[in-house]
Amino acid sequence: MQEKAVSSVALIGTGAMGSRMATRLLQAGFSLTVWNRTAARAEPLVALGARLASSPSEAAQQAAFVLVMVEGDEASHAVWSGPDGIGAGLSAETIAVECSTLSVGRIEALAEEVARKSWRFVEAPVSGSLPQAEAGMLAFFAGGDFYDVNEVTPLLRSIGRVVHHVGTPPVATKVKLAVNGMLACQVASTAETLGFFARAGLPLHTIRALLEDTPVMSPIVAATTRQIAAGDYAPLFPISLVLKDLGYLAAVAEAANAPSPLAQTTRNVFEEADTWRSENISAVAKLFAAYLPERIPSL
1 MQEKAVSSVA LIGTGAMGSR MATRLLQAGF SLTVWNRTAA RAEPLVALGA RLASSPSEAA
61 QQAAFVLVMV EGDEASHAVW SGPDGIGAGL SAETIAVECS TLSVGRIEAL AEEVARKSWR
121 FVEAPVSGSL PQAEAGMLAF FAGGDFYDVN EVTPLLRSIG RVVHHVGTPP VATKVKLAVN
181 GMLACQVAST AETLGFFARA GLPLHTIRAL LEDTPVMSPI VAATTRQIAA GDYAPLFPIS
241 LVLKDLGYLA AVAEAANAPS PLAQTTRNVF EEADTWRSEN ISAVAKLFAA YLPERIPSL
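Start counting the sequence shown at 1; every next residue gets the next number (the UniProt record's numbering).
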C-alpha cells in the first residue's frame with residue numbers, strides 16, 4: 001500500500017492547467033493515469049509516459065491519489081457522477097483532491113457526498129496561472145482532514161511551492177475566490193489607471209518607471225502593465241473564467257451577508273469586457289482604448 005501511495009496518481013482534466021500539472025508529476029517520477037473529455041488533448045502526456053484512461057472511473061480505480069482540474073461546476077458534476085464518474089472508481093484508501101475553482105455550493109455538495117460514502121477528500125484550489133504551473137510554483141489552499149492533507153502534501157509540493165491548510169471544506173474555496181476577487185480588482189484598477197495616465201499625456205515607459213517607485217507596485221500590477229504595453233493578451237487567465245469566479249464570489253458574499261462593493265464593481269467592469277472573454281484578464285484594458293492617445297497603439 002505504501003508503494004501505491006507514493007507512485008500512482010490519476011489526473012482528471014488535462015486542459016491548460018491540468019496538462020502542465022500532469023507534466024510536473026511525470027517529471028517527478030509518478031506513475032500517472034490521465035483522462036480528458038477530449039482524449040486527443042491528453043495525447044502529448046501519453047507520449048511523455050502517462051496512461052490514458054477511458055473514463056474518470058477507470059482512472060481512479062488504481063490510483064492512490066486522484067487530482068481533478070476542470071473548468072467549473074458543470075464539468076465537476078460530469079466527471080464525478082454516474083457509472084463512469086470518479087466516485088464509481090474510488091476505494092476507501094484513495095484520496096480525491098479537487099483542485100478546480102468551483103462554487104462553494106458545489107464543494108459543499110461534494111463534501112456531503114464524501115462524508116456519506118466515507119471517501120477521503122481534500123479541496124485544494126490553486127493560486128497561480130500557466131507560468132506558475134509550468135515552473136511548479138503554484139500555491140495550494142487545502143481544506144480537509146489534517147491527516148489527509150498531510151498525506152497529500154508531498155504530492156502537491158511536486159507541482160507547487162506551498163500548501164496552506166486553511167481548515168475544512170469549503171473554507172479553501174472561499175479563500176481562493178476571495179483571492180481571485182482581489183486579483184481582478186487590481187488588474188481592472190491598473191488598466192483604468194494606465195488609461196488615465198495616458199490621457200494625461202504620459203508615455204508608457206514613463207508610467208512604468210513612475211509606478212515602480214511607488215508603494216502600489218506589485219507583481220500583478222507589474223505583469224498587467226507589461227502585458228498591456230506589449231498588447232499581449234494570451235489567455236493565461238481568460239476573462240471568461242474571471243467572470244465565472246466573480247460570480248461564485250458574489251454568491252459567497254451574498255450568503256454571508258458580507259458587503260462587497262468593490263468586488264461587485266469589478267464584476268460589472270469585466271462584464272463590459274465580455275467581448276474579449278477568450279483573452280487574458282489584462283484585456284480589460286481594451287475598455288479604455290477609446291480614451292487613449294494613438295501613440296500607445298497596443299491598447
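These aren't lab readings, by the way, just hints derived from the structure by calculation. No residue lacks a Cβ here, since even glycine has one placed at the ideal position from N, Cα and C. Wrong hints could be hidden among the right ones.
Derived Cβ-Cβ restraints for the label pairs, each shown as a range [to be verified]:
no., residue 1, residue 2, range
1, Glu113, Gly231, 44 to 54 angstroms
2, Arg226, Arg116, 42 to 52 angstroms
3, Ala115, Thr214, 48 to 58 angstroms
4, Asn268, Pro131, 41 to 51 angstroms
5, Tyr147, Thr275, 27 to 37 angstroms
6, Gly105, Gln264, 33 to 43 angstroms
7, Val216, Thr275, 25 to 35 angstroms
Status of the hints after comparison with the structure:
1. Glu113 <-> Gly231: 44 to 54 angstroms: 46 angstroms, holds
2. Arg226 <-> Arg116: 42 to 52 angstroms: Between Arg226 and Arg116, where Cβ atoms are some 48 angstroms apart, the hint holds.
3. Ala115 <-> Thr214: 48 to 58 angstroms: For Thr214 against Ala115, whose Cβ atoms are near 49 angstroms apart, the range 48 to 58 angstroms holds.
4. Asn268 <-> Pro131: 41 to 51 angstroms: Given a distance of about 29 angstroms, which is not inside 41 to 51 angstroms, the answer is violated.
5. Tyr147 <-> Thr275: 27 to 37 angstroms: 48 angstroms, violated
6. Gly105 <-> Gln264: 33 to 43 angstroms: At 19 angstroms between Cβs, range violated.
7. Val216 <-> Thr275: 25 to 35 angstroms: With Cβ atoms ~28 angstroms apart, the hint holds.
In this structure, the hints that do not hold are numbers 4, 5 and 6, in rising order.
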